[in-house]
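Novice: The chain contents come next:
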Amino acid sequence: MKRMTSALKESSVVSTPSKLILRTAGLRKSFKMGDSVVQVLKDVSIDVSAGEFIAIEGRSGSGKSTLLHLMGALDEPDEGTVEFEGRDIGNLSSAERSNIRNKQFGFVFQFYHLLPELNVLENTMLSAMIEYSWLGFRSNARRFREHAATVLQQLGMDHRLKHRPSQLSGGERQRVAIARALMNSPRVLFADEPTGNLDVETGAQIMTVLERLHREQNQTIILVTHDRTLARTADRVLVLKQGVLQKTE
Amino acid sequence: MYKLHLILKYLRKRRIAWVSLIAVMLCTAMVLVVISVMGGWLRMFRESFHGLSGDVVVSRRSLAGFAHYEKMLEEIRKLPGVQAAAPTLRTFGLINIKNVIREGVQVVGLPIEQIGGINDFPRSMYRYYGSKVEAEQNATGVKELSERKKDELYTKLPPPTFDLVPDVPYELILPKANNVRNWPGMIVGAGVVGIGKDKNGNVDRPTGLYEAWAKLTVMGVSEDASTVDLSNKAERNYWIVDDSKTNVWQYDGNTVYVPFDTLQKDLGMEAFGDSPARTNDIQIKLKPGVDLNDAAQRIQVVVDRVLKDADAHMGIAVEARTWEDTQRVYLDAIENEKSLVTFLFSLISIVAIFLIFCIFYMIVVEKTKDIGIIKSCGATSLGVAQIFLGYGLAIGIVGGGLGLLVGFLIVHNINELHTWMGKVLGIVIWKPEVYAFDKIPNTMNPKEVAVIVGVAVVSSVLGALVPAIRAARLQPVEALRFE
Numbered sequence: 001m002k003r004m005t006s007a008l009k010e011s012s013v014v015s016t017p018s019k020l021i022l023r024t025a026g027l028r029k030s031f032k033m034g035d036s037v038v039q040v041l042k043d044v045s046i047d048v049s050a051g052e053f054i055a056i057e058g059r060s061g062s063g064k065s066t067l068l069h070l071m072g073a074l075d076e077p078d079e080g081t082v083e084f085e086g087r088d089i090g091n092l093s094s095a096e097r098s099n100i101r102n103k104q105f106g107f108v109f110q111f112y113h114l115l116p117e118l119n120v121l122e123n124t125m126l127s128a129m130i131e132y133s134w135l136g137f138r139s140n141a142r143r144f145r146e147h148a149a150t151v152l153q154q155l156g157m158d159h160r161l162k163h164r165p166s167q168l169s170g171g172e173r174q175r176v177a178i179a180r181a182l183m184n185s186p187r188v189l190f191a192d193e194p195t196g197n198l199d200v201e202t203g204a205q206i207m208t209v210l211e212r213l214h215r216e217q218n219q220t221i222i223l224v225t226h227d228r229t230l231a232r233t234a235d236r237v238l239v240l241k242q243g244v245l246q247k248t249e
Numbered sequence: 001m002y003k004l005h006l007i008l009k010y011l012r013k014r015r016i017a018w019v020s021l022i023a024v025m026l027c028t029a030m031v032l033v034v035i036s037v038m039g040g041w042l043r044m045f046r047e048s049f050h051g052l053s054g055d056v057v058v059s060r061r062s063l064a065g066f067a068h069y070e071k072m073l074e075e076i077r078k079l080p081g082v083q084a085a086a087p088t089l090r091t092f093g094l095i096n097i098k099n100v101i102r103e104g105v106q107v108v109g110l111p112i113e114q115i116g117g118i119n120d121f122p123r124s125m126y127r128y129y130g131s132k133v134e135a136e137q138n139a140t141g142v143k144e145l146s147e148r149k150k151d152e153l154y155t156k157l158p159p160p161t162f163d164l165v166p167d168v169p170y171e172l173i174l175p176k177a178n179n180v181r182n183w184p185g186m187i188v189g190a191g192v193v194g195i196g197k198d199k200n201g202n203v204d205r206p207t208g209l210y211e212a213w214a215k216l217t218v219m220g221v222s223e224d225a226s227t228v229d230l231s232n233k234a235e236r237n238y239w240i241v242d243d244s245k246t247n248v249w250q251y252d253g254n255t256v257y258v259p260f261d262t263l264q265k266d267l268g269m270e271a272f273g274d275s276p277a278r279t280n281d282i283q284i285k286l287k288p289g290v291d292l293n294d295a296a297q298r299i300q301v302v303v304d305r306v307l308k309d310a311d312a313h314m315g316i317a318v319e320a321r322t323w324e325d326t327q328r329v330y331l332d333a334i335e336n337e338k339s340l341v342t343f344l345f346s347l348i349s350i351v352a353i354f355l356i357f358c359i360f361y362m363i364v365v366e367k368t369k370d371i372g373i374i375k376s377c378g379a380t381s382l383g384v385a386q387i388f389l390g391y392g393l394a395i396g397i398v399g400g401g402l403g404l405l406v407g408f409l410i411v412h413n414i415n416e417l418h419t420w421m422g423k424v425l426g427i428v429i430w431k432p433e434v435y436a437f438d439k440i441p442n443t444m445n446p447k448e449v450a451v452i453v454g455v456a457v458v459s460s461v462l463g464a465l466v467p468a469i470r471a472a473r474l475q476p477v478e479a480l481r482f483e
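Top line first, the protein sequences correspond to chains A and B.
Just so you know, we're using this note's numbering here: the first sequence kicks off at 1 and counts up by one.
Just so you know, we're using this note's numbering here: the second sequence kicks off at 1 and counts up by one.
The set of hints was computed from the structure by calculation and includes no laboratory data.
Owing to the predicted nature of the structure, the values given are computational and were not obtained by experimental measurement.
Misleading hints may appear alongside valid ones.
[To be verified] Straight-line distance between alpha carbons at most 25 Å, and here's what the computed DSS-like set of lysine-lysine pairs gives:
#1 A:K103 to B:K369
#2 B:K98 to B:K215
#3 B:K13 to A:K162
#4 A:K32 to B:K13
#5 B:K369 to B:K143
#6 A:K162 to B:K369
#7 B:K71 to B:K287
#8 B:K9 to A:K162
#9 B:K265 to B:K98
[To be verified] Chain B is faced by these chain A residues, among others (derived, beta-carbon under 8 Å):
#10 H69
#11 S98
#12 R101
#13 E117
#14 L118
#15 S127
#16 M129
#17 I130
#18 E131
#19 T208
All C-beta atoms in this analysis are idealised placements derived from N, C-alpha and C, irrespective of residue type, glycine included.
Just chain A, with the same shape it has in the complex (with noise of 0.2 Å):
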């Protein structure tokens, strides 16, 4: 942990919230089980500044992972808009969502979500490996694999580059799926119950990184989590309940 946050520390940049980046106006969603439909989300409308770190807040079932995944352009809304500086997420073709997931965003799971065929490195090269052509990628690989070295080796994970998934523990895994989805130096980073599936400890120690990222690099985060004690470690904390947004701290 010592050596993860020293190479943070290396690249520290330090700059206040200001320019908003990604705004949701008026989102719906619900969802259809069996005969009834279920009323997810209920008219959300939030405001995110670049460089801010907000967590939503909210129990199981409270509506926050999909807001989460609307924000992220993974899911669509009902009613309502996503706009990603300024420009409305819905309006854009596939191709295009995809490729802001690709280029603007990044994401983090509970259950870390690693390709299991792919070894530590590859699955933090990913998102380059889907923004380069063979011969694109293959040109620059050395600089690839360099720069994913370099974003495993800052959360300590560069002595396990070649190991695939199944042979790394809980925390090394979501470490690995951090640094997958810092690979490609998002604007928004999206966190979904992030410690969710770890013990306390480990749980704080990705917690810590999250932070620093935030802190020392300026990195806009939002973080999704049950947890009232992690969610004050935002600038600013939303609790969702019901698909109502209750109240910003």
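Start from chain A and add chain B according to the hints.
Specialist: Just chain B now, kept in the frame of chain A:
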């Protein structure tokens, strides 16, 4: 980049895909073997039948034959596109070889010195040609001479004859018989004298074969006879001077070849008084590139004119047919069999496509979460579809390639495999008397190979198509939530 990377990773790591790969491999190999054997069988039939016949055959559906053939030959040889023409006789007879073999045979009368210009019959003769090839192989230490070398050897040989074998003491073999050196020579089909292969696959030729006498009894059929006159038989002694292995079982098993003039005389078909000489067939060799059907039509015109000029055309149907038409019954049957077998095996291949579809569908279901992950990292729907289509393509290429290898090995060693199966398992599938050839065809047609491997690759992609579309349509969040 990620598509190729993932395809290669999945190909190496997902063992379930190996089942598809093996299915493609087995189907490709199976169809290749079947098509090659059936196609080879058909090709051998065509080559063998053609090798024993002229390009066009003038014949009449009667053992009585037809007259004025000499005039026809004269006219036919003048036709443009005709390279050579010769008459042949065919009938049936009883043979007695050294009082050991007594059976009914098909008797063919050949002007042997001319026949090499018409077809490849001389190449079927062991003493005339086969023994020379063997001697050359032994001298050079080559296991099998190339076709080019064999052609060179064949063209250097003088025309074959029915002459007696030099250095054989015929008088000592039959001291009581008269004029034994005046007996004509006879070529026997390999099967007639029991030439076969021993347990080790070597040709087993009876010792003293070329010192054996044979008595042949034939009976002439006259044009105007309403009943068969049994007193009109002709018996003649021959010396066996060679044996013939055409590889067509119905010829090799029961045919003997004798000089044309001798047989014509014995059948009462030679000219005497006002009656002109008769023959059963005229075999015609065409120059390379001449259209068979067109030539047959032109020859038919000549035949009809000759018969009309001789005032012998009434009630006699002498036909000029291409060699394919004369063997149509056999060739059509084999072609139909090949089509039927190809159709049946295509049905089996559809099962393989369905298997690939099922396996890919399972892989897509199993990989649903991965699809969500790569989509969350920015992969497009098209990219995801391309992964699975590429995966199918890779399985098709690798499976088809391995199938080609396995098929090639089986086809090229099919006779050895068959011998081994016979020895070890007691299973003999290929019976020469049923299939007309003593060896299973073991050559592959490059065109057929290309089509079969191509179909295997396309089938694999088709099998992966629906699962690929399903994968592409998955929303990232649906895929990530998948349990």
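Novice: Each hint needs a verdict: does it hold in this structure or not?
Specialist: Structure-based check of each hint:
1. A:K103 to B:K369: holds, 21 Å
2. B:K98 to B:K215: Satisfied, since the Cα-Cα distance of roughly 8 Å is no more than 25 Å.
3. B:K13 to A:K162: holds, 16 Å
4. A:K32 to B:K13: At roughly 37 Å apart (the allowed maximum being 25 Å), B:K13 and A:K32 break the hint.
5. B:K369 to B:K143: Violated, at roughly 60 Å.
6. A:K162 to B:K369: holds, 22 Å
7. B:K71 to B:K287: holds, 21 Å
8. B:K9 to A:K162: Roughly 14 Å between the alpha carbons, so the hint for B:K9 and A:K162 holds.
9. B:K265 to B:K98: Answer holds: B:K265 to B:K98 is near 24 Å, not above 25 Å.
10. H69: With a closest approach of 5 Å, the A:H69 hint holds.
11. S98: Holds: closest Cβ of chain B sits about 5 Å from A:S98, inside 8 Å.
12. R101: holds, 5 Å
13. E117: Constraint on A:E117 satisfied, holds at 4 Å.
14. L118: Holds, about 7 Å.
15. S127: Where the cut-off is 8 Å and the nearest Cβ of chain B is about 5 Å from A:S127, the hint holds.
16. M129: holds, 4 Å
17. I130: Check passed: Cβ of A:I130 comes within 5 Å of chain B, closer than 8 Å.
18. E131: holds, 7 Å
19. T208: Hint on A:T208: violated, closest Cβ of chain B at ~24 Å, above 8 Å.
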